[in-house]
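Undergrad: Here is how the chains run, residue by residue.
There are 4 protein chains.
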Amino acid sequence: MIIMKSDATPKQIAQVVKEVRKYGLRADVSKGAYRTVIGLVGDESKIPFAHFAVLPGVKEAMRIEAPYKLISREYGKFFEEVSEPKVIRVGNMGIGGDEPIFIAGPCAVETKEQLFKIAEGIKKAGAHILRGGIFKPRSSVHSFQGLGAGGSDKAEEALEWLYEAGKKFEMPVVTEVRGEAQVDLVAEYVDMLQIGARNMYDQDLLTKVANKNKPVLFKRHFGAGIEEFLSFAEYIAAEGNKDIILCERGIIPIGKGKNYTRYTLDLAAVPAIQKETYLPIFVDPSHGTGRRDLIFNMSCAAIAAGASGLMIEVHYNPQEALVDSQQMITPDELKDVIDACHRIHRLIAPRRNEKN
Amino acid sequence: MIIMKSDATPKQIAQVVKEVRKYGLRADVSKGAYRTVIGLVGDESKIPFAHFAVLPGVKEAMRIEAPYKLISREYGKFFEEVSEPKVIRVGNMGIGGDEPIFIAGPCAVETKEQLFKIAEGIKKAGAHILRGGIFKPRSSVHSFQGLGAGGSDKAEEALEWLYEAGKKFEMPVVTEVRGEAQVDLVAEYVDMLQIGARNMYDQDLLTKVANKNKPVLFKRHFGAGIEEFLSFAEYIAAEGNKDIILCERGIIPIGKGKNYTRYTLDLAAVPAIQKETYLPIFVDPSHGTGRRDLIFNMSCAAIAAGASGLMIEVHYNPQEALVDSQQMITPDELKDVIDACHRIHRLIAPRRNEKN
Amino acid sequence: MIIMKSDATPKQIAQVVKEVRKYGLRADVSKGAYRTVIGLVGDESKIPFAHFAVLPGVKEAMRIEAPYKLISREYGKFFEEVSEPKVIRVGNMGIGGDEPIFIAGPCAVETKEQLFKIAEGIKKAGAHILRGGIFKPRSSVHSFQGLGAGGSDKAEEALEWLYEAGKKFEMPVVTEVRGEAQVDLVAEYVDMLQIGARNMYDQDLLTKVANKNKPVLFKRHFGAGIEEFLSFAEYIAAEGNKDIILCERGIIPIGKGKNYTRYTLDLAAVPAIQKETYLPIFVDPSHGTGRRDLIFNMSCAAIAAGASGLMIEVHYNPQEALVDSQQMITPDELKDVIDACHRIHRLIAPRRNEKN
Amino acid sequence: MIIMKSDATPKQIAQVVKEVRKYGLRADVSKGAYRTVIGLVGDESKIPFAHFAVLPGVKEAMRIEAPYKLISREYGKFFEEVSEPKVIRVGNMGIGGDEPIFIAGPCAVETKEQLFKIAEGIKKAGAHILRGGIFKPRSSVHSFQGLGAGGSDKAEEALEWLYEAGKKFEMPVVTEVRGEAQVDLVAEYVDMLQIGARNMYDQDLLTKVANKNKPVLFKRHFGAGIEEFLSFAEYIAAEGNKDIILCERGIIPIGKGKNYTRYTLDLAAVPAIQKETYLPIFVDPSHGTGRRDLIFNMSCAAIAAGASGLMIEVHYNPQEALVDSQQMITPDELKDVIDACHRIHRLIAPRRNEKN
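Protein chains in written order, with our numbering: chain A, 1 to 356; chain B, 1 to 356; chain C, 1 to 356; chain D, 1 to 356.
Okay, chain A solo, but in the shape it has when bound:
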């Protein structure tokens, strides 16, 4: 990491960046109100920091040994405008700020009517952002793959519905991109791009998505430790895009016998991750538990654990849903969840502010 003097000139900054590239690394230039910091992307062991420390305009040059640096609190603290967590703009919403944010919607978009009816319901229930799956990652090729599987016309039509629903009900919209070929198309229609748990390790997809310069909702793989999760988020940050919302959605359950929950929701990851990074962290209790009857409790627990928001799957008639029907709740149930979460958040907020 190279910290520039507060009066460093653009030319001096450019000179340092040029020098960094000579060593085969990339430079992440972060301009704060008072100071510019340059993070290095690549193997720092090749860099002669003593040489960099004496370049014009440089205040300090130091090696950071960690698989994630650009998203670390250590790096973030040099940006005086970065609160903790960082507030990320998604459409007209600020994620990571004083209020918890609720993303809701159907697991899979099925028809325009279904989407609009659900959008209306979640808006009334107090949700802020509309989600709807179009390119669905599925464990079996023989299952419904989402409308995105029907070819690009069908996919685009579904994306238009999502766009229109967002406009009509005044909510930013998010959908998942599962493959590189979908990124350009999807980015035209949505306010935030989601990378699903199954794609967490797909660094080529991460890189492509990062470059669309839209916020990224980045879900933890169910087999990934926290270090891996943050290290792959770093792939997005390394492209210069730090508008990343992390999302815990459950890890592989262990233990013999039948599983009582679909995954193990790792809520301690929420505060543990907050000690590591300035990025906000969400929780998805729908996939995390796979059980409609646990959503209320685990939503309250996630907010109490410190989550910046939740992502919840909603359907006006869960039994009818083509995908994941056993984990959907209704708009009315969502309202209960959101109300309870706001009350819990207000209870613990004073402490949060005091501690940070």
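Hints were generated in silico from the structure; no laboratory data involved.
Check before you lean on any hint, since a few could be wrong.
Lysine-lysine pairs mimicking BS3-like chemistry, simulated, CA-CA at most 30 Å apart [what the hints assert, rightly or not]:
| id | chain 1 | residue 1 | chain 2 | residue 2 |
| --- | --- | --- | --- | --- |
| 1 | C | Lys-212 | A | Lys-212 |
| 2 | B | Lys-275 | B | Lys-5 |
| 3 | D | Lys-256 | A | Lys-258 |
| 4 | A | Lys-256 | C | Lys-256 |
| 5 | A | Lys-258 | C | Lys-275 |
| 6 | A | Lys-275 | B | Lys-258 |
| 7 | B | Lys-46 | D | Lys-154 |
| 8 | B | Lys-212 | B | Lys-112 |
Since the structure of chain A is provided, determine the placement of chains B, C and D on it from the hints.
TA: Okay, now just chains B, C and D, sitting in the frame of chain A:
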């Protein structure tokens, strides 16, 4: 399960029990206000239920196929005095009732002074029950094994301190029994017997502890699924002791790289278990996270998830503790935790009552 | 699944396929020596099998409920030329036949000299196929990402080396494709395309790779159960490409404390998978253990468990390797491994033939 | 660890032991052919090694920081008579020597006839040691708990059968002790005491069993890492009993969907453990896979991985077995397994000798 008529006589009940034993099974006789229910302990496939259904005084006789029956909600609902969860008396405390209960104290009892100082601190902080480890299960034979390792005189002295501290500060006390040989001694001094996570599978210990007719704090093994956890709790219930407080304390973390928490606290197990059994469930965020700086958040989350109480390790000077120093909090920090938990519990309590 | 009569005409087959498509499913037409079988890709619940059973040329029409069908032994047994496992041609090699096959080479291609020197070494040691990583999936963006990270010129140069080394030392070559954008380029140079463990769930990549009509080396994700692994292999088969070599490479280690092996090599998956599918299964002891000193034992064990071959990382000077140096063995050590494996394979081969 | 001079007198050794005890630790005195070594049991941080180094007869005194020391290769190498692995006598058998040893028998002893018939069968098949479960650890209190559950008369009768079967068919016998109260009784009848996976963490049981001065067959818990496994074996060694045979029997399977094997057999643990300790390691493919049809392959694989022997469950009519019927093989199948294992062992033995 055999449900007796409301006017069944003691003689008729005794007859059924006698008949059950003929088939090599044991009978769990549960007398409710209006009705007596007889649970069968053993392999029910040998039992001719049609024969039992026509015995005098029998209302209904049916097979239940499950590894746990006596602790199931299905069985419990025949006892009209059993609320959900069941309220279990520990000294003057009721666990599982309207208020969350807090068990606190040092991981290991070190000296009388240490124990009394901590007992005083947690009492002021609002804790209800005092814990203190004397027989410590440890991963290495080369680590401090608790005062119980010093021979029976030393163990008894430490148990006396615990007893006296409980009397002085008016709190019931609990300690762990690790081996069968300790059960009789420990039961003379404490209000509740704890079976630690490492001993969850030790069915001989469970059986011996159950027969002391004291409440049992029963912790989930870190490698156990929920079905196993409940199936081993059934070993205690099968001895006629249903005063069991379950405790989630974290399962094995998965994922490569360093672990950010010592275990993965499985908070979704709390509501999932509540759907299965009438027994109350506690959470131990100290062992569950292994990190002092996560205790506040995860305590709030556990209560929000619906836990009936918490078990938290406390030391006035955590750095000095001989065991688990990195996960202890101070009495002052405990007070913050307890206050926040009460507030969260009050927020969600109305819903709990309405739903049950 | 629809089984055609032995004298069904091409027109009758085409008619069935057309009918299948009417219901929104795809048809996998497998022509055996005596009979044609049509597998259905998609949700079979929509299909009226009774209607299909009476179409001209149809012998039998039946629903198969499983997340993988096209790769199942049940489906494969209708192809009388399919032995178990199926023999897959890779260049001049047959994988899954009478002899175990050894894929070896450097984890990452570094220079032409390094690659050729290793290729020469493994050829002498008795290896059959040359591997060399060019697009490296890495847990940290700050680590060496393979020559493929240097842009398409550099990637193509490295691919040319691989192609040339294969020609010179008369071995088919394989390399990993990590992202969709690399597939077309890589397919021009190699005999087999590898999908790495981290990309196992990347169904868009799988689909794209499948369509290159080259054999696919498909590695199990470290968090995937066997059912998931086979269900994602089915994505490749659903494109009409059944030249799939499965590869077990270790799953997430569990248990507290330091890991003695990088992953847990799940060797029982080898015979368990062989009961499910006709596809051959390989083992990668290099990634599976992460320890050079365990490669010999675990290679022998993998062959004894029934593996059709091994993939082993080799470097003439392991300490110098830029990636995974701690798990590489030398060509001399490889020779020991291959010799021992052949001897073990001959010992157990008679039983295999007799049992199948 | 304190290494005595080769001419140290018994009095000097006693003096060192006395000094060790002053610091609250225990001393493990190991007399080799040329030298005596004193291992310390307890927290070594309290010991002033400089002081010990100058006591009469002391050659060297050094701190060893590890959760297991007395069973480590580092400690064992001071005993010149200790080969690797150590050969442990069980009756007339030597475990850990030049030939693999096979322990076989029914999961649970059911009747005298059943036991004798199986004993005869496994003897003919080439097994060396007879196993038979009497005190069965079971996941459900409602399952058959073994004859040991019928009270001490029944248990003793079953132990007598085991003893007699051992005498008649000239095989040492082993059975599991599940609780402390069973240890004295069981030790009178058997040549080796088994501690099952579920009791691995039960340090009071370990200590009691260790003191019977019989060899101990010690199984790894399914949730235990290798470090934990060895650290608990150290509890046995700390009592002065180093006749410990370790046994890998499968760890918790991970991954979603149905499990294809009951546990994940961790065969890489075999060579990994051999690098750490001089104790021999066995494998139990019966519990490890839970599938009769995988026993042959996984037995071969275990021996190829370097195991010193196997423990296999056998029944002349597996379907009839009261416990674990799906994982039993017949005596004829056992013969196939043993023959193949001997051949594989002979193949890899030369290398083993050369490398050690």
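Undergrad: Kindly indicate which numbered hints from before are broken by the structure, ordering the numbers from low to high.
TA: none
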